[in-house]
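S.K.: Each chain, written out:
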Amino acid sequence: MTKAEIVTAVYTRLGGFSKKESADLVDLVFETMKETLGRGEKIKISGFGNFVLRDKRQRQGRNPQTGDPIVITARRVLNFKASQLLKQALNDERSAGDGEAG
Amino acid sequence: MGMTKSELIEAIAARGELTKARAEQVVNCVFDAMTEALQRGEGIEIRGFGSFTVRPYKPYAGRNPRTGQPVPVPAKRLPFFKVGKELKELVNNSRHIALVDDDDDDNHDD
Numbered sequence: 167m168t169k170a171e172i173v174t175a176v177y178t179r180l181g182g183f184s185k186k187e188s189a190d191l192v193d194l195v196f197e198t199m200k201e202t203l204g205r206g207e208k209i210k211i212s213g214f215g216n217f218v219l220r221d222k223r224q225r226q227g228r229n230p231q232t233g234d235p236i237v238i239t240a241r242r243v244l245n246f247k248a249s250q251l252l253k254q255a256l257n258d259e260r261s262a263g264d265g266e267a268g
Numbered sequence: 286m287g288m289t290k291s292e293l294i295e296a297i298a299a300r301g302e303l304t305k306a307r308a309e310q311v312v313n314c315v316f317d318a319m320t321e322a323l324q325r326g327e328g329i330e331i332r333g334f335g336s337f338t339v340r341p342y343k344p345y346a347g348r349n350p351r352t353g354q355p356v357p358v359p360a361k362r363l364p365f366f367k368v369g370k371e372l373k374e375l376v377n378n379s380r381h382i383a384l385v386d387d388d389d390d391d392n393h394d395d
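Those protein sequences? They're chains A and B, same order as listed. Our numbering puts the first residue of the first sequence at 167, with every later residue one more than the last. Our numbering puts the first residue of the second sequence at 286, with every later residue one more than the last.
Please keep in mind that the hints were generated in silico from the structure rather than gathered at the bench. Do not take every clue at face value.
Said to hold, decoys possible - Partner residues aside, some chain B positions facing chain A, computed with beta carbon under 7 angstroms:
1) M288
2) C314
3) T320
4) Y345
5) V356
6) V376
7) L384
For glycine and all other residues, C-beta sits at the position ideal for the given N, C-alpha and C.
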């Protein structure tokens with residue numbers, strides 16, 4: 167799935183938005199999320215998951231190609247924690263799970 | 286600090302000049318469509334933002350960490366997110382802004 171298919175979902179399911187408006191709105195959703203994360207704020211989408219930021223200290227690592235030791239600089243990273251509801255959605259009604267959800 | 290889904294809806298309503306009800310439909314539709322794709326086992330790629338994939342896990346014998354009792358863990362599928370290059374850099378460049386780790390209740394759900 168790409169953004170184009172999300173735009174199609176908004177366009178066909180909601181009604182009342184042109185294709186252009188649907189595309190602009192989907193862009194706006196991701197743009198707003200990016201700006202929020204770029205301000206150092208986490209995002210909690212109930213039923214889907216949380217986008218959380220973590221500050222990592224500088225640490226010693228290795229170049230996986232050569233094995234040479236390298237310094238991994240301090241950085242801020244983004245992690246996604248899927249909600250229990252999303253995890254359930256991926257395992258309900260499928261062969262994978264046995265109903266023993268979260 | 287931080288943004289909830291209702292705050293995202295409010296932001297979309299304000300910036301997109303929509304009613305809150307309409308903005309809510311848009312935001313719900315976006316995450317519904319994404320959830321459905323993941324349910325189908327499809328990955329999602331949002332350029333500049335990141336990509337979501339579904340990884341299958343085989344069943345294995347786990348343990349209750351408190352009692353040491355063996356617990357069977359069934360086969361499952363879990364969603365993963367890989368941050369896109371642009372967002373990765375954007376986030377890293379916000380390091381001068383202190384993170385407010387309000388509560389760490391990141392497992393919160395409803």
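S.K.: Are the hints correct? Go through all of them and say.
M.R.: Hints and how they fare:
1. M288: holds, 5 angstroms
2. C314: holds, 5 angstroms
3. T320: holds, 6 angstroms
4. Y345: Violated - the Cβ of B/Y345 stays beyond 7 angstroms from chain A, reaching only about 13 angstroms at its closest.
5. V356: violated, 10 angstroms
6. V376: With a closest approach of 5 angstroms, the B/V376 hint holds.
7. L384: Interface hint status for B/L384: holds (6 angstroms vs cutoff 7 angstroms).
Consistency note: the structure conflicts with the earlier hints numbered 4, 5.
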